[in-house]
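Number of protein chains: 2
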Amino acid sequence: MLTYSFTDIGSDSLYHHLYQCIRSDILSGKLASGEKLPSKRSFAKNLGVSNITVENAYAQLLAEGYISSVPKKGYYVREISGMIPSAGVNTENRPQQDISKKRCVADFVSNRINPEQFPFSIWAKLLRETLLNYHEELLEAPPWGGVLKLRHAISAHLKAFRNMDVSEEQIIIGAGTEYLYGLLIQLLGRDKVYAVENPGYHKIAQIYESNGVQCCFIPVGKTGMDVGELEKSACHVAHISPSHHFPTGIVTPVGARYELLGWATREEGRYIIEDDYDSEFRLVGKPIPTLQSIDRSERVIYMNTFTKTLASTIRISYMVLPGHLLEEFQKRLSFYSCTVSNFEQYTLARFIEEGYFEKHINRMRTYYRRIRDELVTAIRKSPLASCCEIAEEDAGLHFLLRMDTGLSDEELLHRAESAGIRLSALAQYYRNPAENVPRHTFIVNYSGFAGQEAANVVKMLAKCIFCG
Amino acid sequence: MLTYSFTDIGSDSLYHHLYQCIRSDILSGKLASGEKLPSKRSFAKNLGVSNITVENAYAQLLAEGYISSVPKKGYYVREISGMIPSAGVNTENRPQQDISKKRCVADFVSNRINPEQFPFSIWAKLLRETLLNYHEELLEAPPWGGVLKLRHAISAHLKAFRNMDVSEEQIIIGAGTEYLYGLLIQLLGRDKVYAVENPGYHKIAQIYESNGVQCCFIPVGKTGMDVGELEKSACHVAHISPSHHFPTGIVTPVGARYELLGWATREEGRYIIEDDYDSEFRLVGKPIPTLQSIDRSERVIYMNTFTKTLASTIRISYMVLPGHLLEEFQKRLSFYSCTVSNFEQYTLARFIEEGYFEKHINRMRTYYRRIRDELVTAIRKSPLASCCEIAEEDAGLHFLLRMDTGLSDEELLHRAESAGIRLSALAQYYRNPAENVPRHTFIVNYSGFAGQEAANVVKMLAKCIFCG
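Chains as they are written, first to last, in the numbering used here: chain H, 1 to 468; chain U, 1 to 468.
Don't read these hints as lab results, they were simulated from the structure.
One or more of the hints may lead you astray.
Same chains, same label: a pair holds when it works inside one copy or across any pair of copies.
With a Cα cut of at most 27 angstroms, we get these calculated DSS-like pairs of lysine-lysine [said to hold, decoys possible]:
1. K40 / K359
2. K359 / K72
3. K72 / K40
4. K203 / K192
5. K222 / K203
6. K232 / K222
7. K36 / K159
8. K459 / K381
9. K159 / K73
10. K232 / K192
11. K73 / K359
12. K222 / K308
13. K125 / K40
14. K159 / K40
15. K125 / K72
16. K72 / K159
17. K72 / K45
18. K73 / K45
Turn these sequences into a full structure, and let the hints steer you where they fit.
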């Protein structure tokens, strides 16, 4: 039977790896046209993967026309000469994908969570109980802001964890922060100019631009978004992440937070969107109060998500609206149905209320601290120690590595990639990179780093910098 | 202990009813300030409702400041003199809510599904197995269009049920059609003018308007959206529901479908959004081919949802993009993460693949046919028979009742409401009701009609028309 190796596939998914292996064998002729592929079940058993992995790989090959399905018989390789690649296949990307597939030993770019860390058994138990006991509630359309029980649980969590006094009414649940940004544009208005951080998370600007509203890139200084530049701009709404800026890792100190609030209150119609996306993972020190909690003028919209703390594939996020915006939302936007399934809202509510969420966060924090410590220790003990500096390592799930090197960022990233190490450079997160963009600074996002020897990975990184 | 009655609460939810009862007793002084409320568990037991119902009611009272919570002791009535009503409480609405609460015996307006009809045990089984067997897949970010397994299942379902040849790549999953409309605006452009049906489902126009795009109300004639009027307008995109128009119930015949396609192909950049929202519930006759399946020019975007067929609180919908739009979507919008949880995508995929969805649809169709037949028979046997006409009763989940009466629509709706019967009038679904709007035509949406005697309800309706 066909056999493929699943070791060293890095950040590639199992089904995608399998799909690529089979496709490659079809394209090279190793699998001839008309040949029958193994049955899903036996193939999965042989490869040591789940049936669904094989099923997904076959589904994609089927969709792209590499194989055909004969009912009750199985899957066969199709004649592919002259086949037109379908919309989803970008064949130009293939060589690149193959490199990263073959060699990736450590991925410091993607935001995956190690599956071993998800609390499957507790989640399954709560879900089962919810399905058993909440028949009526599960099928009843929730209020527009989401299921009250979940909003109540979040409000209590925000009080305990962030010292925020927020009523459940103010909390609006949505299927991911990306969706909530779209609602905020409708709430605050398309005629507003939105300030985004530069450098910053590209997606935020993409969403504003895709929705046809003007956005303006404001530089991030030593304490977060530069208030002087913000004041000089024509912006009305500042979208910031003061508790842990991505990618610089800056935590905005209290003084600068008051300056930001000062900017917001100076003129009518100014607002701050406070994105608190990974504040739960602060590793040392006391938390700094959220802007929302020190705002006395109803200028701050607080946002957070469970996609970082629980799983990125459970799409539950929320925002906290100040009173007058809540009324405005109710008047103009409450016709929208809540986008998150009741089934998951009730399950998450119980997960929080019964203390599992807090335990999970604590466990994850310990887990991430260990990974960070291993990496930092390995770097300090390696030849890299003499020519690099580690920065912003105490908050969130990434730190910065500033290298003293003659290599260009591009060359260094390329060498690392060839050695199987996926990294990104700080400069990549700037809009219109200018001369004053910091070079030789790399982002080590360790949320998906698992199962590898930190010392080995660092050794390999050092080797590709010093030896090329 | 406090006791409230839960009979005749009509379409009001249990928790909201309980919340209103307690609030009313607090406002009237029947529950005095400082008084302790029963514990959630014993109160629930006493009332014969679930704990969560009491919990939700208490949560809302707490949020609105009517009661306070003392840790480890319980809930107490607060001193409310001079209390400022919080944002969520619209006290002006109260008397009206009280009327509908007290007397509602039949609700022909809301879209609720009878909880007894949801396949809880199968859904729970599939969800449990999914959680047990799909660890890696559940935590892996799906492609931007959604989980491949679900898209594959939908593609097979569309082939079997609607004779549509659609690859899984073309299917894009989203958390409700409302969310997908937002994506389509970004895909097709804000400079386009969107044609919506008049009369029609108000929410569609609300979404376009809330997103700041121009929309134009095109009259619905005997065969659906009037193509002549559409041609005269400046519209680029027609948003229609040809398989079952709401609220008229019109099914667009094949000839008119080709005319619509003709309009779309006559100029570059024209598109049709085909909303097939309840086609599964056609009760008699052969299905008419979807516009998507007869479109040869890539002008039709097909949409459907599981919120009607499964439950409105499981937020899963999808759209089918033609090839060139799919490429455009991939280029400009694939940065958005899929908004539906992987857990529910995999569960729904198996629900469809393993034949449960088809069985469920068949069962629901029989169930709805029986309810419709009971209502229609009851009307035909009642005094109403001589002065009303039933129309469009074979498709979807509602029919029309045209009354020969001297009463105004408002008066008739008011009388019905006083008798506890919630109805809506066709005229309410028109934008800027003009003189040619059909009067005396009422919409009987029977999807939430359950557990009542059709004959009694019809008798009451007749009584309030003839006797006032």
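Between K232 and K222, at a C-alpha cutoff of 27 angstroms, which is it: within one copy, between copies, both, or neither?
-> within (18 angstroms within a copy, 59 angstroms between copies)
Could you place K159 and K73 in one of the four classes (within, between, both, neither) given a Cα distance threshold of 27 angstroms?
-> Result: close only across copies, 20 angstroms inter versus 59 angstroms intra.
Taking 27 angstroms as the upper bound on the Cα-Cα distance, should K359 and K72 be classified as within, between, both, or neither?
-> Between copies only: 21 angstroms across, 48 angstroms inside.
Indicate which option fits the pair K203, K192 if close means a Cα-Cα distance not exceeding 27 angstroms: within, between, both or neither.
-> The answer is both: 19 angstroms in one copy and 25 angstroms across copies each meet 27 angstroms.
Evaluate K232 and K192 at a C-alpha cut-off of 27 angstroms and name the case that applies: within, between, both or neither.
-> within (15 angstroms within a copy, 34 angstroms between copies)
Since the copies are identical, ignore which copy is meant and state whether K125 and K40 lie within 27 angstroms (CA to CA) inside a copy, between copies, both or neither.
-> Cα proximity of K125 and K40: across copies only (22 angstroms, versus 30 angstroms in one copy).
Quick one: K125 to K72, C-alpha cut-off 27 angstroms, is that within a copy, between copies, both, or neither?
-> For K125 and K72, the Cα distance is within 27 angstroms only across copies (26 angstroms; inside one copy 37 angstroms).
Within, between, both or neither: K159, K40 at alpha-carbon 27 angstroms = The answer is between: 22 angstroms across copies meets 27 angstroms, while 50 angstroms in one copy does not.
What label fits K36 with K159 when the C-alpha limit is 27 angstroms: within, between, both, or neither?
-> between (60 angstroms within a copy, 24 angstroms between copies)
Between the shortest in-copy and the shortest cross-copy C-alpha distance, which are at most 27 angstroms for K72 and K45: within, between, both, or neither?
-> within (20 angstroms within a copy, 53 angstroms between copies)
Within, between, both or neither: K72, K159 at alpha-carbon 27 angstroms | between (58 angstroms within a copy, 18 angstroms between copies)
Homo-oligomer pair classification [K381, K459; C-alpha up to 27 angstroms] = within (10 angstroms within a copy, 87 angstroms between copies)
Of the numbered hints stated above, none is contradicted by the structure.
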